[in-house]
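Given next are the chains, with one letter for each unit.
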Amino acid sequence: MSTTDAALGDVDFELHRRRFENATGGGLALGACDPRGTPIWPGADPGSLFTRTLAQLEGSGFVWDCNGHAFRHRVLDNGHAMVHAPISPPPAAPLGYLVAVGQASKLDASAAGFASTMRALEDTAAAIRAEQKLRRELDSLALELAARYDELHLVYSIDSHIRNFSGGWQVFQKLVELCAQHMNADVAALVYPTLDVTLSATNLSKPMFNLDLVLVELRGDLYRFIQAGKQSVAINEAGDERRGYIFTGMPYKLLASPLYLGNSVAAILALVNHDDKPDFSASDRKLVEVMANQFSNLLHMYRMLEEQRTFNRQIVAALIEAVEAKEPYTRGHSERVSAISVDIGRELDLPEAAIDALGWASVLHDVGKIGIPDAVLSKPGALTRDEYTFIKVHSERGCEILKHIEHLKPVLPAVRHHHERFEGGGYPDGIAGKSIPLSARIIAVADTYDAMTSSRAYRAGRSHEEALLEIRRVSGTQLDPEAVAAFLRVCGRDPAWIRTFGILRTQGDD
Amino acid sequence: MRILIVDDEPHVMRVLTLCLRREGYEVDSASDGAAALTRIRSQPPDFLITDISMPGMNGEQLCRAIHAEFPQRRFPILVMTSMTGCENREWASRIPNTDFLEKPLSPRNLIARLAGFAARP
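Those sequence lines, one after another, are chains A and B.
Oh and the first sequence: position 259 is 259 in our numbering, straight run, nothing missing.
Oh and the second sequence: position 100 is 100 in our numbering, straight run, nothing missing.
Honestly, the hints are just simulated from the structure, not real lab data.
Some hints here could point you the wrong way.
The calculated DSSO-like cross-link candidates involving lysine-lysine, where the alpha carbons are at most 27 Å apart (straight line), are [stated by the list, open to error]:
#1 103(B) to 403(A)
#2 379(A) to 434(A)
#3 326(A) to 277(A)
#4 206(A) to 277(A)
#5 174(A) to 206(A)
#6 174(A) to 103(B)
Listed next, with one range per pair, are the computed distances between beta-carbon atoms [claimed, not checked]:
#7 115(B) to 301(A): 19 to 25 Å
#8 115(B) to 403(A): 29 to 35 Å
#9 230(A) to 115(B): 31 to 37 Å
#10 74(B) to 281(A): 33 to 39 Å
If we take Cβ atoms under 10 Å as the criterion, some of the chain A residues that face chain B in the derived model are [as the list claims (entries may be wrong)]:
#11 137
#12 141
#13 156
#14 194
#15 198
#16 199
#17 201
#18 389
#19 390
Built from N, CA and C at the ideal position, the CB exists for glycine as well.
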């Protein structure tokens with residue numbers, strides 16, 4: 001289909017023909033052809049007067065141009081005559097010609113009524129032109145609308161991914177994949193050199209053998225180029241002079257947009273296509289800028305969350321330091337109990353949020369020991385009843401300390417109850433069974449294990465195997481059998497922490 | 001490749017028609033479920049894209065009617081549904097060869113999906 005056909009192809013010619021017939025009283029065959037005389041309308045009917053006339057003219061050296069006149073008149077050699085007028089007025093290049101053919105008598109230039117027939121022909125040509133123009137305008141509006149739909153779709157998709165954002169790079173990876181898919185790009189990449197992060201997704205139309213090298217180029221020269229230019233860049237042509245310093249020797253098409261943190265370019269979002277794919281268009285560029293913008297906001301959130309997390313970790317580290325400074329022999333106890341508790345939690349398939357809370361609770365479970373006199377804490381040997389009372393308040397005390405931190409609300413029950421006994425009779429509340437929060441029951445197992453295997457002021461640590469025997473023995477009385485079973489399954493897989501925590505083994509291996 | 005679009009919103013229809021024609025697809029349209037059924041009876045399309053909320057017979061009813069009348073149909077159905085809403089989608093799982101297309105609709109995305117379908121054996 002030629003472009004001219006497309007330009008007039010959707011005009012409602014039948015309507016125009018009826019109007020023309022009404023104006024002229026009929027008797028003329030009306031048709032339209034492109035600027036070279038190829039029929040556009042009506043369809044090819046070899047028998048029709050219009051088609052026969054056009055066929056006859058083709059190859060006869062006939063020139064369609066009206067030379068700036070509104071119409072041209074020609075007497076044909078078969079007793080017929082023809083008039084044609086350009087569709088679109090001079091000096092514009094004609095989209096095509098409107099042609100009327102009929103008996104020579106009907107189209108006699110000297111006859112009365114010829115002038116009004118010609119006016120009707122010109123009016124019809126003008127009406128076709130007007131309709132065509134409106135249709136083109138409508139089309140361009142529709143295409144503009146299509147581009148907006150694309151944008152909206154993209155923003156909504158990004159939005160639905162972001163809604164569950166809780167930090168971490170996974171969401172960025174997902175978004176990069178979305179970008180490759182939505183933009184139908186061979187490669188999409190988010191490059192954040194200051195954090196040494198490059199996330200990429202491929203949606204290859206054909207293999208790309210030097211993908212690693214492409215990513216290196218993105219991280220290096222392209223990133224620096226955009227950082228300096230502070231705007232999006234599209235490179236399509238093989239001869240683009242910017243290729244001299246970006247993507248040297250690689251024929252790919254490239255589209256990249258900056259991500260801002262404050263006023264500086266922190267990262268870039270880049271698309272790479274094989275050279276046989278269509279050029280990156282203005283609307284592609286717009287879309288990538290929209291995405292880059294969303295990424296920037298997300299990056300900002302990510303940074304804030306990271307800062308918050310670092311702060312939390314540091315506060316917790318300080319609290320642990322405070323406890324361990326008082327009780328040097330239990331150094332590392334909090335971390336060990338935490339690692340083991342989290343392993344048990346995962347073995348029990350706890351949801352991620354519960355694992356998170358378990359992690360905090362287990363690392364902070366002994367924070368209440370800050371309130372216990374040093375003499376009691378580090379006393380070798382058995383404690384008197386009064387001293388033991390001091391020890392017993394530490395779980396409540398821990399709860400008191402941590403309740404000042406809003407964020408740690410969910411971990412308070414675990415801290416309070418980690419010394420309850422499964423059959424009841426523990427402290428501080430003496431509750432039993434499932435009334436004890438699961439996280440507290442888990443921490444109790446890890447705590448008991450670590451208390452046995454680590455060395456104290458008055459004794460050396462026991463071996464892993466001895467500790468397991470003891471834990472099995474107290475399962476169901478002191479400890480929750482479910483948590484114990486999960487712990488034993490974890491131990492069955494010979495977890496790395498047995499070695500990293502330097503726990504003794506009796507059965508000779510290691 | 002002939003595509004039948006069923007939607008009562010003229011702007012959606014216009015945009016889709018234009019974008020698909022530019023990609024070389026032949027596009028036919030119907031503004032409600034009943035009209036769509038008539039079209040399918042006279043000439044089954046290669047693809048059917050339908051909106052879900054329409055006056056008269058809606059998208060779900062149309063899909064059920066098509067499945068009842070043409071249980072062996074070859075052409076895939078794409079149902080346009082809101083990305084943000086929470087319409088029930090479960091009914092579609094019982095009608096084979098039916099999938100969802102999320103609104104706001106992206107013509108770019110649709111064309112990629114169609115190409116993916118066409119490439120399927």
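A quick look at each hint next to the structure:
1. Under the criterion of a C-alpha separation no larger than 27 Å, the hint pairing residue 103(B) with residue 403(A) is inconsistent with the structure, at around 46 Å.
2. Straight-line distance between C-alpha atoms of residue 379(A) and residue 434(A) comes to about 34 Å, which puts the hinted pair past the 27 Å bound.
3. At most 27 Å may separate the alpha-carbon atoms for a hinted pair to count; residue 326(A) and residue 277(A) exceed this at roughly 68 Å.
4. For the hint pairing residue 206(A) with residue 277(A), the CA-to-CA distance comes to about 11 Å; that is within 27 Å, so the pair holds.
5. Annotation: proposed proximity of residue 174(A) to residue 206(A) holds, straight-line Cα distance about 22 Å (limit 27 Å).
6. With a C-alpha separation of about 20 Å, the suggested pair residue 174(A) and residue 103(B) falls inside the 27 Å cut-off, and the hint holds.
7. Taken as a hint, the range 19 to 25 Å is violated for the pair residue 115(B) and residue 301(A), whose Cβ atoms sit roughly 35 Å apart.
8. Checked against the given bound of 29 to 35 Å, the beta carbons of residue 115(B) and residue 403(A), roughly 59 Å apart, lie outside it.
9. Residue 230(A) and residue 115(B) have their C-beta atoms about 36 Å apart, which keeps the hinted 31 to 37 Å range intact.
10. Remark: the range hint 33 to 39 Å for residue 74(B) to residue 281(A) is upheld by a beta-carbon distance near 34 Å.
11. Interface restraint check: residue 137(A) against chain B, minimum CB-CB distance 12 Å, threshold 10 Å, status violated.
12. With a least beta-carbon distance of about 9 Å to chain B, the hint placing residue 141(A) at the interface is held under the 10 Å criterion.
13. Interface restraint check for residue 156(A): the shortest CB-CB distance to chain B comes to about 5 Å, inside 10 Å, so the restraint holds.
14. With a least beta-carbon distance of about 33 Å to chain B, the hint placing residue 194(A) at the interface is violated under the 10 Å criterion.
15. At its closest, the beta carbon of residue 198(A) sits 25 Å from a beta carbon of chain B; the interface hint therefore is violated under the 10 Å criterion.
16. Hint on residue 199(A) is violated. Least Cβ distance to chain B is approximately 22 Å, over the 10 Å limit.
17. For the restraint placing residue 201(A) at the interface with chain B, the shortest Cβ-Cβ distance is roughly 15 Å, beyond the 10 Å limit, so the hint is violated.
18. The criterion of a C-beta within 10 Å of any C-beta in chain B is not met by residue 389(A), whose closest approach is roughly 56 Å, and the hint is violated.
19. Below 10 Å, beta-carbon pairs count as interface contacts, and residue 390(A) has none with chain B, the closest being about 56 Å; its hint is therefore violated.
In this structure, the earlier hints numbered 1, 2, 3, 7, 8, 11, 14, 15, 16, 17, 18, 19 are contradicted, and the remaining ones agree with it.
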